[in-house]
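Asks: Chains as they are written, first to last, in the numbering used here: chain A, 1 to 330; chain B, 1 to 286.
Be careful, since some hints might not be right.
[Unchecked claim] If you want a taste of the chain B side facing chain A, the calculated C-beta under 10 Å gives, among others:
1) Thr2
2) Ala11
3) Leu13
4) Glu17
5) Ser19
6) Glu93
7) Leu103
8) Arg105
9) Arg109
10) Glu149
11) Leu286
No lab work stands behind these hints: they were computed from the structure. Glycine included, C-beta positions come from ideal geometry on N, C-alpha and C.
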Amino acid sequence: MAADPTAVGTDAAPRAAALVVADLPSAPAVWCSGLRKRYGRRPAVDDVSLEVGRGEVVGLLGPNGAGKTTVIKMLLGLVHPDAGEVMLLGRPAADPAARARVGYLPELFRYQPWLSAAEVLALHVRLAGVGVPAQEQRACLSLVGLAERAADRVGGFSKGMQQRLGLAVALVARPELVILDEPTSALDPIGRVDVRDIVLELKSRAVAVLLNSHLIGEVERVCDRVVILDRGRLAASGTLAELLGQRELRLQLTDLSAAAQERLAATGKAEHAGDWVTVALPADGGDTAVPDLVRDLVALGARVHAVEPGRISLEDRLLGILREGHGDDR
Amino acid sequence: MTIARTVLTIAALTLREASRRRVLLALAVLTVVLLALSGWGFSRLAAEAGDSTLTSGEARLTASILLNLVMFGFSLIAALGTAFLAGPTLSGETESGIALSVLARPIRRPAFLLGKWLGLVAFGSGFVVLAGLAQCVVVWATVGYWPPEPAAALALLAAQTVVLLTLAVLLSTAISPMASGVVAVGLFGTTWVAGVVGGLGASLGNDAIVRVGSVSRMLLPTDGLWRGAMHAFQDPSALVQFGAADVDAFPFLSTAPLTVTYLAWAALWVAMVWGLAAASFLRKDL
Ligand SMILES: Nc1ncnc2c1ncn2[C@@H]1O[C@H](COP(=O)(O)OP(=O)(O)OP(=O)(O)O)[C@@H](O)[C@H]1O
Ligand SMILES: [Mg+2]
């Protein structure tokens, strides 16, 4: 771990030391440990630890009220955690300078209605303390499709336009970490594709992204890793391959002998529906599992009409994880 | 360095907000109406008094009282304006979510609060000083009366506004935008009334009632500063003219100038309330 444990949470940590830590290539973009928050007597976040590596895109998933937004706000110092440590880009989050290279699109996106879009961006550039030339700020506005409305007052913007402006605000100060809380909640279908392209573009520039979204397809397309929260707790986390590790194979078979059936059962759990058999493949089966199975089935006299890879979608997996966590009470 | 930049950026933003919101327009309209009305009133006064305006002690007394009365109007307008600007600009922003993206920037919350406060101070005191000065000019042009210490008077008027808006800032870190404005203006009015009651007590020779005024003047220094401002606006001869016994009970003349101790207390009060506001804002979950 790059985080020097003595530096965590001490405001007075020498600046020089912080800079050294910040420059370590291994310091993750986000590192938090044991975050807890309760509102009244209800725990909103309970012992959540997560990490986002440099240049990594991590999806934050979970049902409504799972605590995703609360976790994000605690990372940014907007909500004070009851317990736990946060490091951003290698610096303890107690130091505001840790957020110098962080861009944030809140779930509740509102910007000064009396300013124009261009003025909002200029304000955030000033507050971030980064010298971004006006031309680059304009480019940022056109990236989110607001180039023509740059001089208009934000008060007159539609909801989706405000969210687009929020994206531009998150991107304008040359961030190394971008935290997006439901960035597409108000966007039209084209806007959603735009956001996907933006995230992929950030990834190609090695900018880390923490993406909270209810659109699982979106998350599945762009994220390297996902973290699933449920009722304030970490329900699961891992790379997409790890979470979706369980692969399936669908086969259309006739003349299935008992020996062939045994061979199928030996591979994994098999479900029969007419001619069709769905068999779960072992995660560690390697590349040869499918050709080996087909060869053996043919040798055992079965006639193979079709072989299709069956995919478990992230959605199925997420629902499975949440059902398990709720003891199937949903 | 970075803190100074944050403070100045937020202060400039707050000024820009004030200038672009309807508050400014409303203030400007009220001010012009009040200036015009008082100009008309003072010119009537000059006409009644004839040519002996400057020599007549009576006329100077009336001019002093009227000037204080109109200035009270201005301080009320400034109080309403800043209190209702301080509410939306702080708790309104945290409620609507505007503060989320701003405070996620690498800035410290006290620096943000200081910027907001400075912007409001500049706006509020700028307004009272300009409007007050315009009023003095109107009085001078109509009846030829010029207050003995205009600079001190305007500064005290500005200080009164600062006290009130600091209170409004503290309230708006804890309660909703509208409520903070209403409570601040309500407390302002209450202290003024308590001050008048205290004055009545003084003219009746009742110490218990006098204490109502002095205690409220300590709790919220608006009324004390206001009395200091009146004293600097009014002609020194006005008190003699009015009759020493009853002047205590009269709300638009002040019998004594401010003490340095009281000014120091007001400054300390502002610092303490600001500190409370910063502590409350620092702990807030957004
Ligand atoms: N300001 C608050 N006061 C009281 N309770 C709160 C507050 N903010 C959040 N909570 C509670 O914390 C829990 C988590 O809320 P949070 O907003 O983090 O959920 P979420 O995962 O972002 O949900 P969604 O998908 O609906 O955005 C909820 O039970 C919510 O009621
Ligand atoms: Mg949320």
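Asks: Now look at each hint and say whether the structure bears it out.
Replies: Evaluated hints:
no.: 1; hint: Thr2; result: 6 Å, holds
no.: 2; hint: Ala11; result: 12 Å, violated
no.: 3; hint: Leu13; result: 6 Å, holds
no.: 4; hint: Glu17; result: 6 Å, holds
no.: 5; hint: Ser19; result: 9 Å, holds
no.: 6; hint: Glu93; result: 8 Å, holds
no.: 7; hint: Leu103; result: 6 Å, holds
no.: 8; hint: Arg105; result: 4 Å, holds
no.: 9; hint: Arg109; result: 9 Å, holds
no.: 10; hint: Glu149; result: 38 Å, violated
no.: 11; hint: Leu286; result: 4 Å, holds
Of the hints listed earlier, those the structure fails to meet are numbers 2 and 10, in rising order.
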